[in-house]
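The listed protein sequences correspond, in order, to chains A and B. Residue 2 in my numbering sits at position 2 of the first sequence, and the numbers go up by one each step. In short: position in the second sequence from 1, add 1000, done, that's my numbering.
Certain hints may be false.
Claimed, not checked - Below, simulated DSSO-like cross-link-like pairs (lysine-lysine); rule was C-alpha separation at most 30 angstroms, straight line:
#, chain 1, residue 1, chain 2, residue 2
1, B, K1043, A, K76
2, A, K155, A, K80
3, A, K155, B, K1139
Said to hold, decoys possible - If you anchor each label on the Cβ, the simulated ranges turn out as follows:
#, chain 1, residue 1, chain 2, residue 2, range
4, A, F332, B, G1009, 33 to 43 angstroms
5, B, F1042, A, N286, 57 to 67 angstroms
6, A, L25, B, L1102, 31 to 41 angstroms
Hint data in this document are derived by calculation from the structure and do not stem from the laboratory. The C-beta atom is built at its ideal place from N, Cα and C for all residues, glycine as well.
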Amino acid sequence: MSLLARTYNIFSFLGYYADTFLTYLIDSIIFLLAAAIAIILTIYFFRKYMARVQLRIGPNRVGKFGTLQLIADALKLMGKESILPKERDDFPYKVAPILVFAGLMVAFSLLPFGSFFWVGNVVISNSEVGIILLFAVLAIMPIGEMLAGISSHNKYALTGALRSVAKDISFEVPMMISVLAIVVMASARTPSSLTIGSVVSTEILPYGILQPLGLFVFYIAMIARASYTPFDMGESESELVSGYSTEYSGMRFGLFYVGMFGSILLGSFIISLFYLGGYNGPYEWNLGLIYLLIKTVIVVVISFTVWLSMPRIRIDKFVNLGWKYLFPISVFNLVLAGFLTLYLGW
Amino acid sequence: MLSDYIAVGFVLILLIAAMVALFSILPSLGPVRYEKRKHISFKFTDIVKRLAYESEPPVKDSSYLEPYESGEIAKKYKGNFISIQYYVVLLLFLLFDIDMLLLFPWAFNFKTLGFYPFIETLIFLAMPVFVVYYAFKEKYMEWLK
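Construct all of the structure, not just a fragment, from the sequences and the given hints.
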């Protein structure tokens, strides 16, 4: 049984079409709420963790241990006016934050989340070419950043957008070659090696152990994609005011903020699915979601520690890092994966 | 088959509808802040705005809406001063993006295709790798000259 089948059984008295419509509608709403809550919890956890690293206490006034602080912040952002600058290009300026947020949520909806006790398999979409589709959807978020930077006609915003696009596209290539190595290894074990679910189900031995170089390259690429501190030259506060989101305020800025934390969470989910074994675990008690969440939280904590302990690097050094080091490493990893699959049968 | 993608479509439609509804409700002000009100309105939205002091306090002039310039007097930035290095990175990326798309069908059938397509793919990959090597050797990737 899965979440979809259970919802379908509840509304089965309505006939086929109404039942299908209601099933997908309700499951999509449940999924969106769950993803939003997960992102809010990530932000709360980040603020507490950053406070501990910097020897502060962090939010502790609103609610017990500051748990309601994020809701207060969201209400504050909604109450603020969003100033629409005079020089803007109207349509792309308004579309850009929605595009960033929508790309993030659609990418979340393509992932398999394993099974969870009596609910069964918690998955709402099952694409045959999930890996290609996932990375195609991930490419929507830079488009939103680019639109935001160019349409607000501000020099800080334009420079920030140029830098963040250069960052995104120079790390796209090593990331895709690492994923290619996973598809190569999975093709020996399953006939449908482009579906995310079947790739994860072949991970008796996680691909992170078979391809440590691939894990290294993919992790750095996901850090760069989420654009936090070692690679945040797109919105470096000390030179550009706040990068491509300089001219945004109110809830429009809030969507960019949520998009950043959401892409950290999404990257951690993708890393734990592809490289750390995903929802596979030692016991067969339908605990897949719990295993996946534990691995994801570990990756998130490592990411936050990297964020809080690294200085920013310069844009030219950064682009050279992508093309000069990570790209040859990922090609070498692909060749190694091919030989391992062909001759050793790993 | 198609039913696998219905949920993705629902997520997209729900999200965009929710965002459009949200931004049409939330206060987003433009010239209202500094232009004098000319007439009395009894529309519901206008009454709500007046009650919520949304257009108060009024500002003096349009400097409120100028591009952010860290305190300087703002000028419109014409985007024709873009460093040439970004174009080099973009060209390299275009080359590789097409390359990646062509490689996925090969990886899908890797085990059954066997050894010779693997070598052919390596030769195919060696050409763009040579392009990157050439770009570094001719110092197109050096930002500080």
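Which earlier hints turn out false for this structure, listed by number in ascending order?
none
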